[in-house]
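Undergrad: What follows is the residue order along each chain.
Number of protein chains: 4
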Amino acid sequence: MKDGVYYSDYLQLGKILNAQALESDKPGKVHAHDEMLFIIIHQSYELWFKQVLYEVQSAVDILSQSRIADNSPDLYTVHHRLKRVVTILHMLVDKIDILETMTPLDFLDFRDMLRPASGFQSIQFKLLEALLGLKMQDRYGKEYYISQLRPEDAETIRNAEKTKPLIALVNEWLERMPFFDIQKYWTETAGSDSHSFWENYKEIYSSSLAEGEKNNLKVFEEQLLSHDTRPEWSLSPRARRAALFIMLYRDYPLLQLPFGLLNVLLEIDEGISIWRYRHMSMVHRIIGMRTGTGGSTGKDYLSGALAKHHIFGEFAALTSFLIERNKLPELSPALREKLGYNS
Amino acid sequence: MKDGVYYSDYLQLGKILNAQALESDKPGKVHAHDEMLFIIIHQSYELWFKQVLYEVQSAVDILSQSRIADNSPDLYTVHHRLKRVVTILHMLVDKIDILETMTPLDFLDFRDMLRPASGFQSIQFKLLEALLGLKMQDRYGKEYYISQLRPEDAETIRNAEKTKPLIALVNEWLERMPFFDIQKYWTETAGSDSHSFWENYKEIYSSSLAEGEKNNLKVFEEQLLSHDTRPEWSLSPRARRAALFIMLYRDYPLLQLPFGLLNVLLEIDEGISIWRYRHMSMVHRIIGMRTGTGGSTGKDYLSGALAKHHIFGEFAALTSFLIERNKLPELSPALREKLGYNS
Amino acid sequence: MKDGVYYSDYLQLGKILNAQALESDKPGKVHAHDEMLFIIIHQSYELWFKQVLYEVQSAVDILSQSRIADNSPDLYTVHHRLKRVVTILHMLVDKIDILETMTPLDFLDFRDMLRPASGFQSIQFKLLEALLGLKMQDRYGKEYYISQLRPEDAETIRNAEKTKPLIALVNEWLERMPFFDIQKYWTETAGSDSHSFWENYKEIYSSSLAEGEKNNLKVFEEQLLSHDTRPEWSLSPRARRAALFIMLYRDYPLLQLPFGLLNVLLEIDEGISIWRYRHMSMVHRIIGMRTGTGGSTGKDYLSGALAKHHIFGEFAALTSFLIERNKLPELSPALREKLGYNS
Amino acid sequence: MKDGVYYSDYLQLGKILNAQALESDKPGKVHAHDEMLFIIIHQSYELWFKQVLYEVQSAVDILSQSRIADNSPDLYTVHHRLKRVVTILHMLVDKIDILETMTPLDFLDFRDMLRPASGFQSIQFKLLEALLGLKMQDRYGKEYYISQLRPEDAETIRNAEKTKPLIALVNEWLERMPFFDIQKYWTETAGSDSHSFWENYKEIYSSSLAEGEKNNLKVFEEQLLSHDTRPEWSLSPRARRAALFIMLYRDYPLLQLPFGLLNVLLEIDEGISIWRYRHMSMVHRIIGMRTGTGGSTGKDYLSGALAKHHIFGEFAALTSFLIERNKLPELSPALREKLGYNS
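Residue numbers (numbering that gives the first Met the number 0), protein chains in the order written: chain D, 0 to 342; chain V, 0 to 342; chain W, 0 to 342; chain L, 0 to 342.
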């Protein structure tokens with residue numbers, strides 16, 4: 000055997016594979032076979048949460064720069080790593096199949112021994128929500144779940160919520176989109192500046208609405224054209240305009256990657272939301288209307304979080320404001336050039 | 000080439016592969032590339048709905064017999080085919096990934112050409128819901144969706160709802176469970192008859208409840224011990240007791256397959272429910288708050304159906320009434336023998 | 000916060016989440032972002048290998064009894080736990096998608112730092128192969144891989160190969176199948192004993208063979224009818240006959256679970272084989288014809304193991320000896336009763 | 000009900016859902032339940048093959064232009080549609096799970112009725128292979144399979160093989176990569192022209208090779224630096240250099256999409272290869288060593304095709320020629336600017 004790195008040392012398997020202590024193996028208890036599965040699957044989830052946090056944190060670090068140079072690989076890297084997060088989330092969802100091989104009766108064999116521990120206490124998952132942009136005030140049942148945490152853990156989450164999350168950094172990046180304020184890009188077509196571009200767009204959008212959709216126009220004005228921002232909004236109207244512009248003109252080289260980035264945020268939201276839904280279904284199937292080990296009403300909490308904890312929903316909402324491609328205002332030659340490669 | 004069956008004839012590919020006529024290819028329209036995907040994926044879904052209906056119908060036919068002989072392969076066959084349905088449902092869910100490769104803007108290229116067609120009009124899906132046991136009166140927004148159908152299609156569904164669905168047949172099969180009324184099986188333990196078995200069980204269950212769960216006891220009495228049936232119930236108390244008994248004593252040979260059958264019903268419900276959830280998410284991502292092509296408020300309808308259209312929820316609810324395995328009343332030797340193989 | 004079990008203590012997250020030390024973070028090296036993913040995914044695999052070993056070991060323990068009572072839950076438990084193994088294997092396969100988000104260039108950033116560590120050194124995977132039934136002499140390139148292990152690890156595997164693996168226990172269980180030697184079950188039909196049953200079967204099988212398949216008959220005689228066993232065989236002819244009988248008459252209640260058990264063994268083999276194939280493809284995509292970190296020729300080794308390491312192939316081979324259901328010899332009433340429930 | 004498009008008309012469900020005629024339902028035969036599944040799954044595969052062909056054909060059409068403008072959405076569209084093909088392939092693989100719910104004995108109920116039809120006769124699959132770039136002379140067992148086809152079908156495939164396939168178009172697109180021959184991009188660094196860039200690269204590559212890999216250098220010279228092309232090669236050395244350059248400098252904006260395109264070709268190959276592998280395993284499990292319905296030796300044919308029918312393997316092979324990112328020659332400022340956006 001050659002010198003150098005050895006597999007089990009490198010992976011610290013001594014720690015990893017000796018970290019399973021069953022409550023049901025403690026003195027006076029009866030060994031519950033399925034408790035091993037329960038521990039292993041949760042440890043596996045936590046390993047992957049660490050990886051997801053690592054990737055999202057690296058995206059946050061990159062986007063925290065005051066300016067993302069178009070010609071740096073920065074945006075490309077952010078996109079690539081968040082795509083990886085999506086791939087991981089898919090696997091986390093599928094993995095629920097494994098836990099579903101545990102029947103309700105098998106879970107009862109050790110369930111009471113775990114009280115009051117519960118998945119609420121997964122600090123990493125809370126940190127992930129915070130890092131993406133969920134705020135404490137938007138958390139479902141927040142007093143309740145804070146009460147389940149050790150003070151130092153509650154503190155950890157509160158601190159995390161004080162730093163700028165991914166969604167805020169994306170908002171800023173969108174607000175910085177440079178060509179909106181440079182008049183030369185807007186003179187030849189669609190009015191004299193980006194303002195008249197959007198006025199024009201509003202007309203086209205308005206005429207595309209079906210009878211039952213007329214109310215959308217008001218929402219469009221509030222969310223895209225106003226100067227207000229609102230405390231409950233994660234995105235400013237200016238950032239929303241930039242995002243909508245990207246969705247509409249994504250075929251131009253300079254906008255392809257930004258479009259990919261917006262998309263991957265929606266995929267993350269969707270991945271987490273599907274995970275929540277499957278998790279809720281699984282819990283319902285395994286504990287019915289019993290309370291969770293943490294004392295919650297189980298399914299109700301999960302159902303509340305499912306409905307409230309969408310983080311990038313404001314991007315998804317922009318979909319309502321698209322118009323047909325063949326009605327898109329043509330961009331000025333100067334802007335078209337700006338959005339392309341050197342030629 | 001030898002005589003005999005030829006692949007493309009056998010599969011009638013002449014029909015299958017010439018059934019894609021794009022609305023956007025009609026005179027005066029502009030070809031929308033993604034419309035082909037839209038057609039193919041829906042045709043593929045309908046093919047699989049046909050298969051699922053075929054399997055569920057065969058289960059219904061078998062269970063419609065007045066008696067299922069223990070030693071016939073009937074129950075085994077029913078279980079096997081419903082398991083296949085679960086496998087198909089999983090694939091139908093995953094397939095949504097493909098439709099999600101269509102961006103909102105790409106859909107807009109042909110969306111208006113489809114009005115007022117919509118997925119509401121999938122007769123096969125409605126038939127499946129009916130065959131499993133969803134009743135017209137429980138359908139979300141039923142007036143609305145009936146109004147979207149051709150009269151003959153609405154009639155087809157109404158007729159389907161008049162025949163006995165799977166859940167009713169399972170209820171009857173559970174009610175017939177033979178050993179509950181035969182006194183010799185209950186004399187030696189747990190009181191003098193199956194009635195006292197359940198009284199005894201109630202005591203054990205009651206003492207297992209945590210503080211916040213005390214209300215469960217009343218529900219237990221209503222749903223399992225009462226003599227009432229209620230119009231809104233799909234299962235009678237007698238059938239529920241049989242089902243709970245199966246869940247508790249599933250380790251006995253005679254109950255293994257019945258347990259498998261109850262489980263597969265839950266898996267079907269879960270599969271359909273996950274399908275609805277992912278479908279809803281996908282629609283939300285593609286049309287936002289626009290109305291669906293059928294004129295519905297899109298996501299709202301899907302969200303309503305998601306919440307209301309659980310069919311086997313009364314089985315899932317029984318999970319709440321389980322007790323720990325080590326507290327299970329021991330069965331009488333006569334009954335234990337009855338539940339085993341010849342020896 | 001209530002007293003009792005706390006999530007992060009229970010799961011020993013202090014160990015689990017602090018076991019990632021990147022080689023590329025060592026002094027003098029340059030941080031390679033993707034090394035974290037590389038570590039986490041391997042740790043996650045090892046966690047699941049522990050779970051798979053735990054389940055297979057429990058099956059081995061149960062089957063090590065001198066007799067499995069029909070009316071005990073033993074076989075049911077074995078089947079349930081091996082089914083879980085199949086579910087886990089599926090997930091392990093899908094997980095490769097995650098590693099494939101690492102590009103070859105990203106791997107090069109830290110690949111040389113890992114030498115000579117390699118996946119060959121996963122003791123748990125070797126133990127799993129041994130526990131299922133792969134013998135040292137059948138291992139592809141065995142001298143080579145032994146040379147990669149610390150002596151104590153090589154010893155561990157050798158010891159594991161000395162205990163009776165799952166396939167040997169299944170062989171014994173099949174050989175014990177009780178009704179083959181009891182004459183009353185065979186008198187009324189199909190000749191006077193089980194011997195003439197198989198002679199009869201051979202005739203039917205023979206007449207079902209197509210021109211190009213005639214050679215199968217000789218194989219049938221060798222593998223099923225002879226009295227020999229051979230060192231390279233895991234199954235004896237007697238056990239094979241029992242297995243084939245189970246496959247043919249699986250509709251009888253007593254044979255349903257045994258059939259399920261044979262099936263799940265094939266699913267395990269298929270799961271491992273798909274895992275090997277996808278692993279090989281992934282390695283090929285990431286390192287091409289470079290040598291692996293362990294010094295192997297990478298893809299070649301994996302390709303060799305893929306071809307040689309099927310464990311339950313002798314069961315799969317029995318498929319070739321099936322005949323059509325409508326040509327099956329009818330069993331005697333006594334045997335039919337024996338294979339059913341008490342009635 | 001409103002006028003306009005109706006779901007079942009639009010999807011031509013009258014054709015789609017009435018195209019299942021079971022051989023086992025013909026006069027004199029016995030209905031085989033699982034034949035429906037067998038038909039439906041094959042029809043579903045053919046539907047998806049149509050979609051895959053449609054997407055690949057659109058990519059071929061775009062790449063057939065004499066020049067792909069950097070600032071057109073062409074490459075973006077090609078990439079997007081081939082990505083969709085990958086998503087579809089994943090689903091086609093997973094779908095095999097459904098067919099595996101059919102046991103060997105169930106297949107025997109109708110297998111002989113299908114002779115000599117077989118999956119060999121899927122014209123669409125052959126067309127796909129041809130469109131991607133598999134040549135008749137590289138097909139495994141080609142005389143055999145041609146003999147299984149109607150003359151007009153064999154003709155269809157031969158014709159398809161005469162048109163330029165995707166891989167040839169990609170080869171041409173790579174050969175056109177404009178900046179290799181423009182001297183100003185190469186003067187300041189790494190020698191005086193692109194030739195000396197590659198000589199320099201060869202040195203670095205050479206010094207990165209481990210002892211057992213020294214032979215790679217010769218292959219590198221042959222495949223990348225020579226002026227030869229060879230009839231068995233799909234890629235010219237010039238095209239390979241361009242592809243390797245893209246892999247190495249993919250972080251530059253202009254190369255991100257080309258890198259994505261190369262990657263998606265590998266993903267298509269991998270998807271098809273996994274599909275072949277799982278198909279082969281499934282066939283092996285269902286028919287063992289019996290001949291396929293088409294008279295082939297079943298598994299052997301599939302195994303041969305698996306090994307030989309990689310189409311984009313020459314791209315995968317380039318992985319072997321990568322060097323570490325920190326050893327990459329720096330590009331000249333002029334070239335770096337060329338590879339970026341306007342600024």
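What the hints contain is simulated information worked out from the structure, not anything from laboratory work. Among the clues, some could well be false.
Treat identical chains as interchangeable: a pair holds within one or across any two.
Lysine-lysine pairs mimicking DSBU-like chemistry, simulated, CA-CA at most 30 Å apart [said to hold, decoys possible]: (1) K14 <-> K161; (2) K28 <-> K82; (3) K141 <-> K326; (4) K25 <-> K14; (5) K337 <-> K134; (6) K201 <-> K213.
Undergrad: Each hint needs a verdict: does it hold in this structure or not?
TA: For each hint, the structure was consulted:
no.	hint	verdict
1	K14 <-> K161	between (33 Å within a copy, 28 Å between copies)
2	K28 <-> K82	between (45 Å within a copy, 27 Å between copies)
3	K141 <-> K326	neither (46 Å within a copy, 36 Å between copies)
4	K25 <-> K14	both (20 Å within a copy, 20 Å between copies)
5	K337 <-> K134	neither (37 Å within a copy, 43 Å between copies)
6	K201 <-> K213	within (12 Å within a copy, 57 Å between copies)
Hint check: violations occur at hints 3 and 5; the rest are consistent with the structure.
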